[in-house]
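Protein chains in written order, with the working numbering: chain A, 1 to 424; chain B, 1001 to 1424; chain C, 2001 to 2424; chain D, 3001 to 3174; chain E, 4001 to 4174; chain F, 5001 to 5174.
Accuracy of the hints is not assured; some may be wrong.
What follows is a list of derived Cβ distance ranges for each label pair [unchecked claim]:
1) B/1396 to C/2149: 49 to 59 angstroms
2) E/4111 to D/3018: 20 to 30 angstroms
3) F/5111 to C/2197: 40 to 50 angstroms
4) A/162 to F/5065: 42 to 52 angstroms
5) E/4109 to C/2197: 27 to 37 angstroms
6) C/2019 to A/162: 55 to 65 angstroms
7) F/5129 to B/1129: 17 to 27 angstroms
8) B/1149 to A/343: 58 to 68 angstroms
No wet-lab data here; the hints were simulated from the structure.
In this text, a Cβ means the ideal position worked out from N, Cα and C, and glycines have one as well.
Here's the letter readout for the chains.
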Amino acid sequence: MNELPKPAINGSHNGKPICFPQADGSRIPYEVYSSPEIYALEQERIFRGPTWSFVALEAEIPNPHDFKSSFVGDTPMVVTRNDDNSLSAWVNRCAHRGAIVCRSARGNARSHVCAYHQWSYDTRGNLRGIPFKHGVKGMPGMPSDFDHKDHGLQPLRVDSYRGLVFASFSDQTPPLYDYIGPAMRPGIDRILHKPIVYLGCTRQYVKANWKLYNENVRDPYHASLLHAFFSTFNIYRAGMRFRIVMSDDGMHDWLMAFHGEGDDGNSAAYREKVASFKEGLRLEHTALLDNVKEYDEFVNTHIQPIFPQLVVTQIQNTLAVRQILPKGPGNFELIFYFFGYADDTPEMRTHRMMQANLVGPAGLISMEDGLATELVQRATADGSDAAAIAEMGRGVPDEQQIPSGISEGHIRAFWRGYQELMGL
Amino acid sequence: MNELPKPAINGSHNGKPICFPQADGSRIPYEVYSSPEIYALEQERIFRGPTWSFVALEAEIPNPHDFKSSFVGDTPMVVTRNDDNSLSAWVNRCAHRGAIVCRSARGNARSHVCAYHQWSYDTRGNLRGIPFKHGVKGMPGMPSDFDHKDHGLQPLRVDSYRGLVFASFSDQTPPLYDYIGPAMRPGIDRILHKPIVYLGCTRQYVKANWKLYNENVRDPYHASLLHAFFSTFNIYRAGMRFRIVMSDDGMHDWLMAFHGEGDDGNSAAYREKVASFKEGLRLEHTALLDNVKEYDEFVNTHIQPIFPQLVVTQIQNTLAVRQILPKGPGNFELIFYFFGYADDTPEMRTHRMMQANLVGPAGLISMEDGLATELVQRATADGSDAAAIAEMGRGVPDEQQIPSGISEGHIRAFWRGYQELMGL
Amino acid sequence: MNELPKPAINGSHNGKPICFPQADGSRIPYEVYSSPEIYALEQERIFRGPTWSFVALEAEIPNPHDFKSSFVGDTPMVVTRNDDNSLSAWVNRCAHRGAIVCRSARGNARSHVCAYHQWSYDTRGNLRGIPFKHGVKGMPGMPSDFDHKDHGLQPLRVDSYRGLVFASFSDQTPPLYDYIGPAMRPGIDRILHKPIVYLGCTRQYVKANWKLYNENVRDPYHASLLHAFFSTFNIYRAGMRFRIVMSDDGMHDWLMAFHGEGDDGNSAAYREKVASFKEGLRLEHTALLDNVKEYDEFVNTHIQPIFPQLVVTQIQNTLAVRQILPKGPGNFELIFYFFGYADDTPEMRTHRMMQANLVGPAGLISMEDGLATELVQRATADGSDAAAIAEMGRGVPDEQQIPSGISEGHIRAFWRGYQELMGL
Amino acid sequence: MSASTIAEIERHGAETALAEIRLWFELYRLQERYISAIDADRLEEWPDFFTEDGVYEIVPKENADLGLPVGIFHCFGRPMLRDRITSLRNANLYEAHIYRHMTSGLEFTMVDDSTVDMQSNYVVVQTLTDGESRVYQAGRYFDRVVRTAEGWRYQRKRAVYDTSRVQTLLVTPV
Amino acid sequence: MSASTIAEIERHGAETALAEIRLWFELYRLQERYISAIDADRLEEWPDFFTEDGVYEIVPKENADLGLPVGIFHCFGRPMLRDRITSLRNANLYEAHIYRHMTSGLEFTMVDDSTVDMQSNYVVVQTLTDGESRVYQAGRYFDRVVRTAEGWRYQRKRAVYDTSRVQTLLVTPV
Amino acid sequence: MSASTIAEIERHGAETALAEIRLWFELYRLQERYISAIDADRLEEWPDFFTEDGVYEIVPKENADLGLPVGIFHCFGRPMLRDRITSLRNANLYEAHIYRHMTSGLEFTMVDDSTVDMQSNYVVVQTLTDGESRVYQAGRYFDRVVRTAEGWRYQRKRAVYDTSRVQTLLVTPV
Ligand code: FES
Ligand code: FES
Ligand code: FES
Ligand SMILES: [Fe+3]
Ligand SMILES: [Fe+3]
Ligand SMILES: [Fe+3]
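Same shape as in the complex, but just chain A (with noise of 0.2 angstroms):
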């Protein structure tokens, strides 16, 4: 593929660069959420630079030849599993004159053969045919210099860690094992610690910038306030304790919620006793709410964004992870992948079902977060020069105050790697 020299362009907005007015991240000039000039500049330093974006599931593609489509950032990109069963990752565009190569979303092939001029690549990427490359009727075909191997489907890097399927543009790129880091590898080895099954996706079109949702993911401070069902029908169980850890560059994030004391996670157990904050409110199905004892830690929830394409969740036994997918500075796309454990019983496996209805583009304790990026987009996308604050615990040592839960120390975190990555 023939390189072009890179973009000239850089963070600026109508012609004025972008500030941060603190260096700690807790200003946030709205229009980050807005510019298409950093939207531009974040394809290049952040989907196409040194970062990990989460493609699949490894449970989507588990046999050789299997392959899915998806993206990083706006680039539409292929990932295969390849006859050795390891993976293969390309963009999808073909290496003759740019057509998708691949238009299925999912599916089993051997090879990829474009549509336009047939040209077919195996499940690596590498250029295996060309009609009429030699000409025909004693005509020539291709030039005689041209090689097959400088004409391969731009290849990506790709690793996956516990199923879960990532792909890079980068070289820079440190590996997928490292970019997790040691911090957040416990959280995946948690949730994926024995083989899944993948149940289905469901997709929600956001019309908010793909930051917005990375925050909403780091934001504990919203959990309880934006979301009434927990406090309407009292899902915030006596006793919920917290832990929430970061990587050191502030990019991934852990949180979770554990069951207090003597809280069987049995939604009986606590049904009767605990009035609901509006009188008489109460669920009649309350077995949505049980929780089954899964792991050593007994966890409500658990919400682990490695960024900047994924987010790692468990709700009670709801197992999901989500993937932000940008399109264009004003929208993005979430898509939810559902599974369970390849070893779940029947009954298990209809409380997943069933669990299924609290998150998603319908969720009764998710539902609102979309709509939360939508409120903030909307009020500022008038260009106004105006920033977000983001204060709540500043001043304390993240470790100190990040445990309750009521703290914008890693939405500070955030923004500081984010310039990092961006050179703002």
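Take the given structure of chain A and dock chains B, C, D, E and F with the ligands to it, following the hints.
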């Protein structure tokens, strides 16, 4: 609210300066209707600049704690009535992380609570409550140097004249009374000389630049030519006279059309004697055209634009103000707010309803205005270098030629004022 | 029309210059398909530059005062037939304040009256009438120095060849006869050798850049590969031969496919003996494929793009010209104008109708072209630095390799010509 | 409508009387003819779907919900209905457009032997000269129809529209 | 249709014959089955909704209004209908898509005992792989149906579409 | 459905029994009442359209086609249906919105005397506070209805939606 340096955008389009080739406003370069750069500059220098934007009728928010959501240019804002009956206005953007605070079009509320983290504000926009401000479980909350007073909703200047409520971003804007000025006040005094009742609004979305509509309502030249209803059914009555005045800066305008001698406004009087231009065309229900005399001067039509967002109108016995809301360079929303007088008889109220057929998105004598502006937008957005000409009556002192109603003097004055405001 | 200085825009994207890395046109940087800056420059240097854009068939406007609305690039225009049967063309933008003057797709009118203030123009675009030009009631109207002659509709050069009508903005454009040139004229002479009748049009809206379609019709390489209808039902007949020529500047192109020896075009002849590639697949109604010999040369397919807006085609007995209208960087509209000969028998007319199934938005052998261009647009609009390669037949003199039909020589020639025109 | 009401209707429905089917059919066909006449631009027939004193209104739901009276069409009686069409044909300026009405959710209740109140969802898909079709207006009809010597007629037809942002203008009745 | 005609229909309607309801029902169900078969991608059944010599056409209204014949589908007889499906299944290239037909405004007139002319509005909402649903085509069917030994069949079905700008391509019949 | 099946249905149709019309009418009216209750925001009535153990699901077609179970609504029995409405009314946050359901393509088959399987296309046009109406969701209902003492009820209603990209959120059942 933390201010960033002002944008460096200037009056250019595709990197080329916009130029008005003639000082008298008789040439309008078409780029001003479609350039995104010009649009961004208008937001800064006009809507966030030294102007008063109409946002509501007091009659829409008569009681303490009533509120209404609206816009000043692209910026969402809210106007409220306080417990002491005074008015407040603020940008509808949470001081915390920028979400829309007030999500209802209108209502009554003592406090406004942001959905995201439940920060609450009073009707004046003062920050009243922050959940977990003092932290929880011994963990710190907001920093000790955090002062509520510094973190209210961004206030807008607000004032009302004769029940018309305006808001302004700028300290430079003269007091509303002077902004409307001696030339325009009598027109507003006339229409709003006694208490009114709000009867509802109708909305229209037009694929054209907001300034084209400001031109349209300053353009008496088009009235009898674009709106064939007048001529088809002979609504121009014998001996109709005009009075047209404008403010010194040329930005506001006031046109009135009077009934001629011996025209008592009763359609019956001239129903028979005047033949339609199109032979045989008659309105069957001529009562639609009856004009019941309500004022000292017997006025058939009163059209009074107050730059940038307002037009005050009386069409026979229909009373309405129009709000012009820009929605990007190529669209604007036009909202008609209808009202009557508190002391209307039931018959008069019914008569006003019937005459509502004359105006609004389906108005028999006004539906063409939105389309006319679209016709200009469609023909001029191709980027070619060309300019409109507004020469009718040029070279004659405005006061001499304007009373005829056949003049573009006010359009030229409008564009001279626009260049002044925009610094072009 | 008052001219402003030419725009300062140049061939850059996100502030970075677009570069064609190879002089021979064998590398096409993907930015040219999605850059708004490039698109704006194309409007100026190509569509408003020294080219002839196809706008109508004379058969669409056979009678005096017939007119048709169309576009030259983004600019709305009208082509008319004058009382002396000559043709006129003008920009569809009122000389007064810029409204669309002609609001009908087609019709017959002696004069064209702008809806806004009723300025009227003759079929040549000369300004004929201005309401209240001399004022009213003793009040002045247009200034005395206002001259109708200076305020007609912006005229376009217009000319026709063999009933194909073209328009041009530029004085630099060579005469139409020479623009089409000696290499292309015989192709048009062949199809339009006798009077035609217009049979209607079909439209297709494609989410891709207009140049991708210009490439597509200069790309014989894709024909048998993208359009499987050929191979599935064996429409490629034994011994089919090609002739492909292009204009010296590489912008126009002409491909013909001939029936082989002993192929009389009757599908019955080869119906039985040729097995489908996909076993057992047969067309039941093979008459769809009958090609009735109408010309000295027995041609199965004739595809002839005349840059930038035209493609002349004959597919068996279907006759059509295609108009390519750009609609922003990422969209184009494709209009198929079908026609027959005035002396067609009813049977032949019915046969042409039946073969209309082959082309257009639902064309059995052409529906894929629009999609193919979309596949390229979708894969290349992500802003990454990459370029298409067009190497088939490179290094061999075009005339030697092109006749095989397996060549990208004309695509390389097209891009060399494009750079020349654009000054890139 | 309470569960028990539904139950009642349903129990009745269980042996649905032919009379009920016939009444529904007549009301349904009236609506089908009404939208077909408009969509085919046979607007001169439009007033004839109403009684001589028939009232036709188009009102935005945002006003209706607040009890505010103002709408964009307020026609009292056939003469005003005819005036609207005369104006549309002879006086008003608008772009060529095509309507396609879709209706669903018809509910009706007998007021007396010759009077029925009916409601129905409607969606008007409009196509302009650019050749693209868009949802132009969605809403619900609130109608009173009466049985006359000429058959069923609208005594009152009130189109309450959700789409408060009217695109450009509205000249053709819905 | 003049007011008096409406009146007539209505007067008749006033004691609507069961036969009329039954006829309407059979025509209505024919259309319901037709659109259901297409939307469920049971396209192999599609030709069977027509008579052996059945004619199927899709024509833009802009041509139809000018009396111009050209459209995008012109199939004469079941063999050509089957060829279209064979090509769709085996030869043509297109993106995965889902149709949802909506119909309203069905009108019909008896031509003779076994022949009926019917019309109906249709709107096709299409969903592509991006997962968004858009109005893909709006128009009106102009059909002639005949009663055969196998029941009602289309002898002629002409879809006249408003949406002259076909998005990308059309491969699946409407 | 094979041609011969169609033929059968049709031959039967040729002398369509009143019983068939009546059954269709009852099913059709059930659906009309169902969508009218939702569109009028009478959501408290919604659970009553189901049997006590009624199952309601909203599932994206992309999962259904792959045999994957996950959807966005999975309600088992009236208590869970009521919980959804209680949460919508008291707990969840969402923008004001209006639904307009359109349905077409109703097909049904008798399972036994008191059980029917039915399917129908649906399109929900949604209007948000900006006043614009958009196609929010298109899909097909797959329902099992049973005749109860209270009349026809949904024992199972499965909305399989094409529009896999849910705009912002879904809180109101379709
Ligand atoms: S673009 Fe892929 S083969 Fe040509
Ligand atoms: S954004 Fe408003 S409270 Fe946090
Ligand atoms: S704009 Fe055409 S007459 Fe004024
Ligand atoms: Fe949340
Ligand atoms: Fe006007
Ligand atoms: Fe092709």
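Mind listing which of the numbered hints don't hold for this structure, in increasing order?
1, 3, 4 and 6
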